[in-house]
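These protein sequence lines are chains U and H, in that order. So in numbering that gives the first Met the number 0 the end of the first sequence lands on 245, straight run, no missing numbers. So in numbering that gives the first Met the number 0 the end of the second sequence lands on 245, straight run, no missing numbers.
Hints listed in this document are in silico derivations from the structure and should not be mistaken for laboratory results. Hints may contain errors.
Note that identical chains are pooled: a pair holds if it fits in a single copy or bridges any two copies.
Cross-link-like lysine-lysine pairs, in silico, DSS-like; alpha carbons within 30 Å at most [stated by the list, open to error]: (1) Lys1 <-> Lys91; (2) Lys46 <-> Lys165; (3) Lys46 <-> Lys220; (4) Lys220 <-> Lys33; (5) Lys220 <-> Lys91.
The structure displayed is predicted, hence computed values, not measured ones.
Number of protein chains: 2
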Amino acid sequence: MKEWITGRNPVYECLRVERRHFFKLLINKSSSAKGRMEDILKIAQRKQISVEAVDKNVLSKIAEHHQGIALETSVYPYTDINAILDRVEQSKNPMFILVIDQIQDMQNLGTLIRSAEIFGVHGMIIPARRAAGITPAVVNASSGASEHLLITQMNINQAIDELKQKGAWVVGLDMDDSAESLEEINLDGSLAVVVGSEGHGLRRLVREKCDHIAYIPMMGKVASLNAAVAGSIALYRAAVNRKINS
Amino acid sequence: MKEWITGRNPVYECLRVERRHFFKLLINKSSSAKGRMEDILKIAQRKQISVEAVDKNVLSKIAEHHQGIALETSVYPYTDINAILDRVEQSKNPMFILVIDQIQDMQNLGTLIRSAEIFGVHGMIIPARRAAGITPAVVNASSGASEHLLITQMNINQAIDELKQKGAWVVGLDMDDSAESLEEINLDGSLAVVVGSEGHGLRRLVREKCDHIAYIPMMGKVASLNAAVAGSIALYRAAVNRKINS
Chain U
0 MKEWITGRNP
10 VYECLRVERR
20 HFFKLLINKS
30 SSAKGRMEDI
40 LKIAQRKQIS
50 VEAVDKNVLS
60 KIAEHHQGIA
70 LETSVYPYTD
80 INAILDRVEQ
90 SKNPMFILVI
100 DQIQDMQNLG
110 TLIRSAEIFG
120 VHGMIIPARR
130 AAGITPAVVN
140 ASSGASEHLL
150 ITQMNINQAI
160 DELKQKGAWV
170 VGLDMDDSAE
180 SLEEINLDGS
190 LAVVVGSEGH
200 GLRRLVREKC
210 DHIAYIPMMG
220 KVASLNAAVA
230 GSIALYRAAV
240 NRKINS
Chain H
0 MKEWITGRNP
10 VYECLRVERR
20 HFFKLLINKS
30 SSAKGRMEDI
40 LKIAQRKQIS
50 VEAVDKNVLS
60 KIAEHHQGIA
70 LETSVYPYTD
80 INAILDRVEQ
90 SKNPMFILVI
100 DQIQDMQNLG
110 TLIRSAEIFG
120 VHGMIIPARR
130 AAGITPAVVN
140 ASSGASEHLL
150 ITQMNINQAI
160 DELKQKGAWV
170 VGLDMDDSAE
180 SLEEINLDGS
190 LAVVVGSEGH
200 GLRRLVREKC
210 DHIAYIPMMG
220 KVASLNAAVA
230 GSIALYRAAV
240 NRKINS
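Using the sequences and the accompanying hints, generate a full structural model.
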């Protein structure tokens, strides 16, 4: 299976990380080879990837937001949970993992991947079924951060059980009577942050497995934060906590 | 000028806040009047708004994400900066304002509005030219939070000058050599947070007017957070700071 990654940052990160196979690079024949485009062409040359200058229309047929570039690659290189646990061990820092319970919106999933990579998680777990996988649209929304992050697709309840066995403290983001303010929870040990779906939050079984349910203090009149923003705030809070206390 | 607001939360918030004129409500004739839809129909009846049950296709022609509902309204009710400053005075809390310097993406602008409303800003200032205004797509992306927030469209440099005259501490989000970690800046006095565009950050003149430039500590390999996430984290940080110290 092959797919097309488009957009300058996504293509650049793909090439830089080298976790996929690369088949072909298409560039808009009227784009100038400056900035990120120049970086991409240099890497493509070094890796001996075939480059074709094409008409803009060819790229528009592949994806709406192509920014003059499309890279044909193998599909997203999912890892298994052991690869993530190995990375935890190698890093010598306490475990820091993001678990996604049913995010549906590709833009939100991409945004969460970007934040997770930036705040230094060891890896991310997404559900095996129903929810969005790491499609080219998600890669694009993550600005290519997906290529750096280790992502496992598996049953979420089973993943949480495994992480708990390895000593993770599991903090789910949600609003209910048992929830504690995010500010009051200590986030600097071995940690898995669980983010639920837009609109419905965490599924019951997943929620029951969490050691803590945390809410983000809100003062406004509308019901809830964007799911990707809420997750990103929790990751930021954890990253700061861990840095200060390490 | 009239426009169509679509989606259950956006329509509900519009009706609830009553800052626009309402002309007509269209609902998908196959939608059941439950949950949010029931709330909407009750308000429409009370306000004597004409309701029409229509075929789904009629709604799809208005907007892609209609969720079975569209409300015809007057355009977005911008306020002037004095209305925001009045709200600051009435609230008896120190000024808390979000200033947007050139966000282009409607999804990001909507997400920032949603976060700003939730974290209790007194108002928001967006540029008069070039950048996105509060279109129905932005209302939708804000999940209707735009209807609660006071938003002024004006020259950003002039707005910052006026806010400074009223005693605001102006904190711009950006990355450069002079930037300080967001965690090290005191955010609990009179405050204006300035968020720059995706990709380019703050414009030079705007940056020079800031009292502080703050960065969000990042540990990953990709270049930067999504602009709406970065802005939301700064607002969260400020909201928590202010709550704890008030």
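Check your understanding: Failing hints, ascending?
Key -> 1 and 2
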